[in-house]
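Student: Following the hints, position chain B against chain A.
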Amino acid sequence: MKDVMGVIYVNDDDEALQPLTKDRCVASVPFGGRYRLIDFILSSMVNTGIFNVSVFTVRKYRSLMDHLETGKSWDLNRKQDGLFILPPQTHYHSSEFQGALQSFNQHLDYFHRCRQEYVVISGSNLVCNLDFAPAVSFHRESDADITILYKEVEHPEPDFAGCGKIITGEGARVQEIITASNPARGEKAALCIYIMRKALLLDLIQQCTEAGKFHLLGDGIIGNLQNLKVCAFPAEGFLSMIHSIGLFYRRNMDLLQPSIWGELFFQPGLIYTKVKDEPPTRYTENAVVQNSILANGCIIEGRVENSVLFRGVRVHKGAHVKDSIVLQRSVIGENARVEYAILDKEAYVSAHKTFRGEERKPVVLEKRKTV
Amino acid sequence: MIRARDCVAMLLAGGEGRRLGMLTRELAKPAVPFGGKYRVIDFTLSNCTNSGILTVGVLTQYQPLILNSHIGIGIPWDLDRKDGGVTVLSPFVDQKGGEWYKGTADAIFQNLYFIERYDPRYVLVISGDHIYKMDYSRMLKYHQEKQADVTIAVIEVPWAEASRFGIMNTAQDGRIVEFEEKPEKPRNNLASMGIYIFDREILQDHLRVDQANPASSNDFGKNVIPQMLQADCRMFAYLFRGYWKDVGTLESFWEANMDLLQDQPDLDLNDRTWPIYTVNPNQPPHYIDPAARVKRSLINEGCMVFGQVEHSILFPGVQVGKGSVLRDSIIMSGTTIGTDVLLERAIIGENVIIGNGCYTSSPGKELIVVRENSIFPDNSVVESTLNGEMMGLRGEKK
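Chain order of the listed sequences is A and B. Just so we're aligned: the first sequence equals residues 1 to 371 in my numbering. Just so we're aligned: the second sequence equals residues 1001 to 1398 in my numbering.
Bound conformation, chain A alone (with noise of 0.2 Å):
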């Protein structure tokens, strides 16, 4: 993997999340008790052994640099290559920004830079924990300009809706990508991920940027579907695109299901994100708490039901928890209720106060804010 680097862009609008996009990237949204959704691509390229890695970021990534940090969560802080974040030269409105290759030609001089020949660009949404390595060796011997991974959909949820379908003919070659289906069942989703030389990468960008185009996907590979080989490759495993706030919601809820936990938690590798100190989650005498995840540093005196509570959250005495997802250092107080919510982090719900949705469409409390 010496001769591979990995590139993150941003392949999701962050409107399709508000508002836990608020004031963050699609990237730096907290997922899954402690995680954010970047470390799942970024720990699966080190877990591959690719340990040049950049980052490219368009909006809101304040929260996403204090994050990442010198990557050393990644073991990305490294003397030769390591972890690059790579923010626009200029800062964009949200109406200039075009496409991940715009911002690839706005940073020429990383590319030049590395040594290695074969990039894995990524989008920066994905649950997933992924071995690059077949997908790579396929790619080198099937003599393939471009690979695309692609995700069998196994059920009818909309994680891949507007990712493109994939259509291959022979040898896995790809005969056309569908952008605006969504893929059904048994059907071939791509998933943002594509293997190519990084020759091949600096030409696209050029080709492109010079006619005014930017979109990877639909300008970079669809426009050149007939001039290059473009193969697709399937991934394996619990994935899904994070690009609405009720696929943030089931997807948490699927890691109640201890197959599924040990599944993205720990194969084929380890999920890397930045550590906190804080302490084992402690547990009162008056605690009941059934089928949840919990990170460290939470407080529990009251009852938690099917959820997700990430670090440092206190659930006070009385208080009820039952199907929600608790970001960190929420509070809830005593004998609050919240049921199919999102608490974003250091949100509170006051004494008996209810905080209520549905299980089709949960409630968000916003950063900070109290009910």
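Since the hints were derived computationally from the structure, they do not count as laboratory data. C-beta: ideal position from N, C-alpha, C; glycine also. Just to be clear, a hint being listed does not mean it is correct.
Unchecked claim - Here are some chain A residues the structure puts well away from chain B; computed CB gaps all over 10 Å: (1) Ser-137; (2) Asp-277; (3) Pro-279; (4) Thr-354; (5) Val-371.
As the list claims (entries may be wrong) - The list that follows gives simulated cross-link-like pairs (lysine-lysine, DSBU-like), each with its CA atoms no further than 30 Å apart: (6) Lys-274/A x Lys-60/A; (7) Lys-79/A x Lys-1082/B; (8) Lys-322/A x Lys-1295/B; (9) Lys-276/A x Lys-1245/B; (10) Lys-274/A x Lys-1096/B; (11) Lys-322/A x Lys-1322/B; (12) Lys-353/A x Lys-1295/B.
Unchecked claim - Derived list of chain B stretches under chain A, where covered just means 3 residues or more per stretch with a C-beta under 8 Å from a C-beta of chain A: (13) 1032-1045; (14) 1079-1091; (15) 1273-1283.
Tutor: Relative to chain A, chain B alone:
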């Protein structure tokens, strides 16, 4: 922040901790896992960082591998510094030969060259086997205000227990007039916590005098402090109020762990103004099954609980099977407990495998201590690892 030229901390971490039995077979007492996440030494190291004392020499001797790799270059405690930081000081040889550290004072004496490198005015001597949170910078301020030569931190102990400690008899202004090691009839209840601040030069002089005395066992409590008292040094007692526990015995180690499980623990690990740092394992949030029941417990990340955990502590990555019951127990990292297991008052080492239906049977209510990597086949009795016993299929040896 306190500069290295003001104060250097010397942390004694070479203790074998013989009374901790199986827990210290493979590692030094300060490296013993504690509180579901930490090692004992984390409390003193974190105290140093939180007090702004950022130059720390850690004196190791007994079974140092785990301790050394835990401390590393001090990153978890923010003690990886260009100026100062943490330095592990092991016994060494030079052209005249070399020796193991004979006592606590000898350990400091042999490393005077380390202290001299920083040329500090004060030296703080602490040990890595106590559980407490203390701001050493306040003690240093007291030392300066009293213009003391030596300041010794003391804690009030119950009068009934005073004869188990080194007791300081003090005058009105806090000046120490007498030191009695384990007095039969204590006249005071201020016990030494083994925390000292010395004026560097006075420390140097007295360590040299102590070294010249062949009858000395080169120990601070036994030799150097009495010798300083005799020499009429200005010695003051600094009264510490708060939680403090020596985890020198299995019983006190267990108690200190259980103290963390109170609804309002005396030692607050969640206090954000005084965090306790350690090497963080990277594990997902722990999972509690619908059939599980957890109360009065500390559970770390990476655990999976399908059974009942009551008044117990689980380190990272522990699995507790369906129908199992844990009470008053401490389970260290990576241990797997099968289904329908009953554990009471047990301290289970790392990566132990306990088969289905195993149980503890301790009519005398003595603590069961199981060494790391032990394996108990299904339906066997979980009993303490005996000294000299090899790891392996323990249940089958009968």
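Student: Does each hint fit the structure? Answer for all of them.
Tutor: Against the structure, the hints come out as follows:
no., hint, result
1, Ser-137, "holds, 28 Å"
2, Asp-277, "violated, 5 Å"
3, Pro-279, "violated, 4 Å"
4, Thr-354, "holds, 24 Å"
5, Val-371, "holds, 23 Å"
6, Lys-274/A x Lys-60/A, "holds, 19 Å"
7, Lys-79/A x Lys-1082/B, "holds, 18 Å"
8, Lys-322/A x Lys-1295/B, "holds, 18 Å"
9, Lys-276/A x Lys-1245/B, "holds, 26 Å"
10, Lys-274/A x Lys-1096/B, "violated, 48 Å"
11, Lys-322/A x Lys-1322/B, "holds, 23 Å"
12, Lys-353/A x Lys-1295/B, "holds, 25 Å"
13, 1032-1045, "holds (count 3)"
14, 1079-1091, "violated (count 0)"
15, 1273-1283, "holds (count 7)"
The structure is inconsistent with the numbered hints 2, 3, 10 and 14, although it conforms to all the rest.
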